[in-house]
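Sequences are here, hints too, so could you generate the full structure?
Letter by letter, the sequence shown follows residues 107 to 544 in the working numbering.
The hints are simulated quantities; they were obtained by calculation from the structure and are not laboratory data.
Owing to the predicted nature of the structure, the values given are computational and were not obtained by experimental measurement.
Some hints could be false.
Here are the simulated BS3-like cross-link-like pairs (lysine-lysine), alpha carbons at most 30 angstroms apart as the crow flies [said to hold, decoys possible]:
no.: 1; residue 1: K188; residue 2: K349
no.: 2; residue 1: K277; residue 2: K349
no.: 3; residue 1: K349; residue 2: K364
no.: 4; residue 1: K324; residue 2: K219
no.: 5; residue 1: K188; residue 2: K154
no.: 6; residue 1: K155; residue 2: K142
no.: 7; residue 1: K324; residue 2: K155
no.: 8; residue 1: K349; residue 2: K142
no.: 9; residue 1: K154; residue 2: K236
no.: 10; residue 1: K385; residue 2: K168
no.: 11; residue 1: K139; residue 2: K168
no.: 12; residue 1: K338; residue 2: K139
Simulated restraints, written as ranges between beta carbons of each label pair [what the hints assert, rightly or not]:
no.: 13; residue 1: G169; residue 2: K236; range: 50 to 58 angstroms
no.: 14; residue 1: S276; residue 2: L322; range: 18 to 26 angstroms
no.: 15; residue 1: M536; residue 2: V429; range: 47 to 55 angstroms
Each residue gets a CB set at the ideal place from its N, CA and C atoms; glycine is no exception.
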Amino acid sequence: MKVESVLEYDPATDEILGPYKYMQVALARGLFKNWKQPVFIGFDQSMKKGIMLSIITNLHEKGINVVAIVSDNCPANIACWKDLEATGFDHPFFCILSQKRVYVIPDAPHLLKLTRNWLIDHGFSIGHKKITSQTLFQIVNDRLNAEMRPVFKISKGHLVMTNQEKQNVSKAAQVLSRTVAISLQRYVSNEAANDLADFIETVYFWFCVSNSYSPLAKEHYEQSFNGNDHQKQALSDMYNLMKNSTVIGKHSLQTFQKSILIQINALQMLFDDMKRRHKVSFLSTYKINQDVLENFFSQLRQRGGVYDHPSPLSCIYRVRIMVLGKSPSIIHNQSGREQRKIIKPDEYLTSTGADVAGSEDQEQINSSENEEFISATVFSEAEINPRLPDVAEMESLNGMSQDKSDTVSTVSSTQLNMTEQESDGLEYIMGYLAMKYQ
107 MKVESVLEYD
117 PATDEILGPY
127 KYMQVALARG
137 LFKNWKQPVF
147 IGFDQSMKKG
157 IMLSIITNLH
167 EKGINVVAIV
177 SDNCPANIAC
187 WKDLEATGFD
197 HPFFCILSQK
207 RVYVIPDAPH
217 LLKLTRNWLI
227 DHGFSIGHKK
237 ITSQTLFQIV
247 NDRLNAEMRP
257 VFKISKGHLV
267 MTNQEKQNVS
277 KAAQVLSRTV
287 AISLQRYVSN
297 EAANDLADFI
307 ETVYFWFCVS
317 NSYSPLAKEH
327 YEQSFNGNDH
337 QKQALSDMYN
347 LMKNSTVIGK
357 HSLQTFQKSI
367 LIQINALQML
377 FDDMKRRHKV
387 SFLSTYKINQ
397 DVLENFFSQL
407 RQRGGVYDHP
417 SPLSCIYRVR
427 IMVLGKSPSI
437 IHNQSGREQR
447 KIIKPDEYLT
457 STGADVAGSE
467 DQEQINSSEN
477 EEFISATVFS
487 EAEINPRLPD
497 VAEMESLNGM
507 SQDKSDTVST
517 VSSTQLNMTE
527 QESDGLEYIM
537 GYLAMKYQ
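As structure tokens, this is what we get:
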């Protein structure tokens, strides 16, 4: 995290701090229990082998068993992995304390962003196939010409981004989603679109397995990792895709591709190890990504209100408040979902009419046939005879009869001249409403 580069006096330690540019944080979290704790803070200090081993040893002395370390694949972190003798995707671990394995797991959301960036900027070569983002731009342009669209999440802003916007994980997940893959197969029927759709779908399944939350998810690949055939196939497909592809214009695997191979092997090895040692039946893989640290930094910035670029001393004080006190943002993040499960959602008064009127009058109240137009009531009470145009004259002027008016007014909008995307978009909306109010 970047901090304000200033000199500061710390009265608690009688020291001068700074100037520093960056703050390094190591945060420990439970793999099968819901807890987290910052365990290291340093300024202008890259993560080194000595620091990492010291953290692991100190945690072991407190009775905390470290089984994995998670970080992005920046050059400093990769150098630390090599110093720890986690030598590659075939050996994604190092041994400490009685030869216990500690697995090195690159951050999956960060790898998803990198995959999206390389796809849009360069493309991939797999054998004789070239996979580029040109078809994505085509489907987005076609989407802009349709009023109702099934691919509603994707816009030009997902493909043309600044360097800051490229850090957005949600946009990367929306681009590399199954919805986009299916849309490519449906609306752009050529070989290039099918190859791109297969690529995106492979990445999507891998990320679902690598970012799972619940063992009760509906789809097999979205469940917490339990080693089922669907999950293993998704990881195997992604492994083969990254290992056998090269970025267009490059002649070897890029760092992010090697990191994906490390992540896939480390995830499966970690689960097998935990299953053997602790008899676990599943592993929620969101626990082994860096989102918890990103949220920690966000909460750290929020503590200062508009002052979101804190100095080193201010960072230390804010961390103390967060760790020793109760941060409102932390309380909200932890309790929000559970509260929604407990609290009964509000209902519209019209949907609980039985509580307002008796059951014998309910049918009459809810029947729209018994309701009168207010304009007709007003005219009747005031004894006003409205002057309406002659029906025969209107029929002759418009070339239609009153008998045909019902047919004309009830023509389905789907019979209008719609593009395929507009027709599918309308079908999507109608299906959503039917499912919601069934």
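Status of the hints after comparison with the structure:
no. : hint                            : in the structure
1   : K188 / K349                     : holds, 20 angstroms
2   : K277 / K349                     : holds, 25 angstroms
3   : K349 / K364                     : holds, 8 angstroms
4   : K324 / K219                     : holds, 26 angstroms
5   : K188 / K154                     : holds, 10 angstroms
6   : K155 / K142                     : holds, 22 angstroms
7   : K324 / K155                     : violated, 41 angstroms
8   : K349 / K142                     : violated, 35 angstroms
9   : K154 / K236                     : violated, 39 angstroms
10  : K385 / K168                     : holds, 23 angstroms
11  : K139 / K168                     : holds, 16 angstroms
12  : K338 / K139                     : holds, 25 angstroms
13  : G169 / K236: 50 to 58 angstroms : holds, 54 angstroms
14  : S276 / L322: 18 to 26 angstroms : holds, 23 angstroms
15  : M536 / V429: 47 to 55 angstroms : holds, 51 angstroms
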